[in-house]
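When you get a sec, could you build the whole thing from the sequences and use the hints?
Positions -21 to -1, 1 to 615 (mature numbering (1 follows the signal peptide of the UniProt record, and there is no 0)) are the ones given, in order, by the sequence shown.
None of these hints come from the bench; they were simulated from the model.
Among the clues, some could well be false.
Taking lysine to aspartate or glutamate pairs in the EDC-like style, the calculated list, with each CA pair at most 16 Å apart, reads [unchecked claim]:
no., residue 1, residue 2
1, Lys257, Asp299
2, Lys431, Glu349
3, Lys39, Glu113
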Amino acid sequence: MNTISRLILIATLGAVPTAHAQTPTAKAGLAALPTPDGALLRWFLPGDATPSGGFVIEVKGSAATRTVPVSSPQPYSAALGLTRPEYDAVTATYTAPVTDDNRVGRAIFTLNVVARPAFARALGIQTTLIGLPEGTYTATVYAVDRTRTPVGTATFRTGPTPPVPAPTNLTLLPGATPRLRWTPPTEPGALVAAYTVSRAGSTGPFQPLEPTPFFRTGGAGGDVFTDTTAQPGQTYRYQVSSVDLFGRDSAPSAPVTFSAAAPLPTPVLTRAEPGNRKVTLTWTADPDPRVTAVLVLRGPAPDQLAVIATLPADARTFADQVQGGVPYLYAVATTDQTGQLSGRSTLAGATGQNLTPPAAPSGLNVTATETSLTLTWTPNREGDLLGYRVYRSEGAQTPAEALLLTGLPLTDPTFTDVIPQGVQTPYRYQVVAVNTTQVDSELSAPVTGVLKDVTPPPPPLLAAATATPGGIQLSWTQATVPDLQTFEVLRATATTSAVLTQLPAGTRTYLDTTAAPGSTVTYTLRSVDRSGNRSAESAPLTATRPAPAGGSQVSGLRAALLPNQGGVQLTWTASQPGGQYVVYRLRGQHPLELSGLLSTPTYTDPAGTADAQYVVRAVDAAGNFSDPTPPTSATP
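Right under this line is the structure:
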């Protein structure tokens, strides 16, 4: 009997002493009630099942000793007080093994076994000892299966059977519904297991109320009987009697009287009008001097209403502060000083509004990839925010008409706009916040984004590299590139290769004036777009800058400042075998010739200083001078 009912039975058997007997413990599991020539015995089923060999009772005393077998279950002829279907059901329940399928059925029967001694007798766990001489006896019950298992022991003395003690202090608790509480019997030997609560009108006989019997429990409210069938405006009398383990009833308690007041008037809720962050309720109610307050109820569903305000009895309107966009259900009721409630009014629904625009979103930022632009922004703090809407227009300076990109408002402060790869149109974005009443904020500050460009432009076509007296003239063509930004001119010699210069996107020619006269160089071009992507190099073109009449220009001029104010030492690379050279120091725009004809590529200027600049010219065998070298400054 692993149920509350079993606990009630065992606790009753073990917690209350029998008359003229020692107190059996809960483990004893045997109750004994004396009679003039014996005793009434009651115990429980060990293991919640009838033992195959039934039970054996050993009775020992100064006047007699006997052994009494008790079959379990008893034959139907001995099961007085049960119909055949009831007998078959209870015996089948406790002769079958416990399973998940029959566990609930056993629990129900266990409750009946506690409440109805006829069930206990049918199971062979209640019997009567008779024919014992006057004296004191000890009875021990054994379950007979493969072995004899002790069930319980009780000591009793033959004599008059004590009556069942009645409950006392029957009290009606405050409230509009009859609720009864009483004090259980405390007399020694009171084997009280349950109670019978009876009710009568202002006149007439008492009738038992369901549930019968009523089991008190230790849980919250488990010691209170509530009459849920009482009708408003009626007067009732109540009394309670005890029922012991052997099915005997006590005398009834002293009765108490309950007068149920007429029901309070039910108010009529006539209107629930939504406003800006509020719903205003209006109702009517018949006047009644018993009404002490009006209760306003609100909730999301009819069975989930809760009191949100308690108003004076004469109140007929109430403004409920609510969030916008949320649907609410309302009702009203009245109450008196005893806590009695009227009926609940009919329901009225309303959805709160918020006509105040939310703040415009802030912190808008855009992150570009090759195929998308992702927006993020700072979340709004309004509690009734529905979400955000995102708008896009083309162009950064004078954008076109904005296009709504989102359907339902976004709940997260982020949005990704997927764009075909390669599109370089600048897009302008703005975001608005919208509350649950569909009121929009102002537009956020705009941000502009362009897809991340990783595609290099096509290379230019280098059409010509032509030598002229002033240098080497380049010309080229370029396919249309919307985001073209610059051209890079690359020049290579036999020993070096580098970017010579960068030119604006609209340039299509360039004169290289820095190529050494008499030198042969190779040119290529690259296109560069606004994202810094560089094209492949164009097909190369090679050209030779003519040498001047005076021979090849000197190259590699260096000017080194000597220590201790020793002047400046110049060195350069010979331009041709057997060539001669002249060194000049620059004074403003006018060169000062320092040397005569030199046959070696070196010269020391004893008067040279750190701010001096020098050029050198080559002289051929016919006395023709080359162009001067680029000016060179002295370095330590």
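A quick look at each hint next to the structure:
Note on Lys257 and Asp299: the hinted pairing holds, with a Cα-Cα distance of about 5 Å set against a maximum of 16 Å. Using a Cα cut-off of 16 Å, the hinted pair Lys431 and Glu349 holds, with the two alpha carbons roughly 5 Å apart. At roughly 13 Å between alpha-carbon atoms, Lys39 and Glu113 fall within 16 Å of each other, so this suggested pair holds.
Against the hints set out earlier in the document, no violation occurs for any number.
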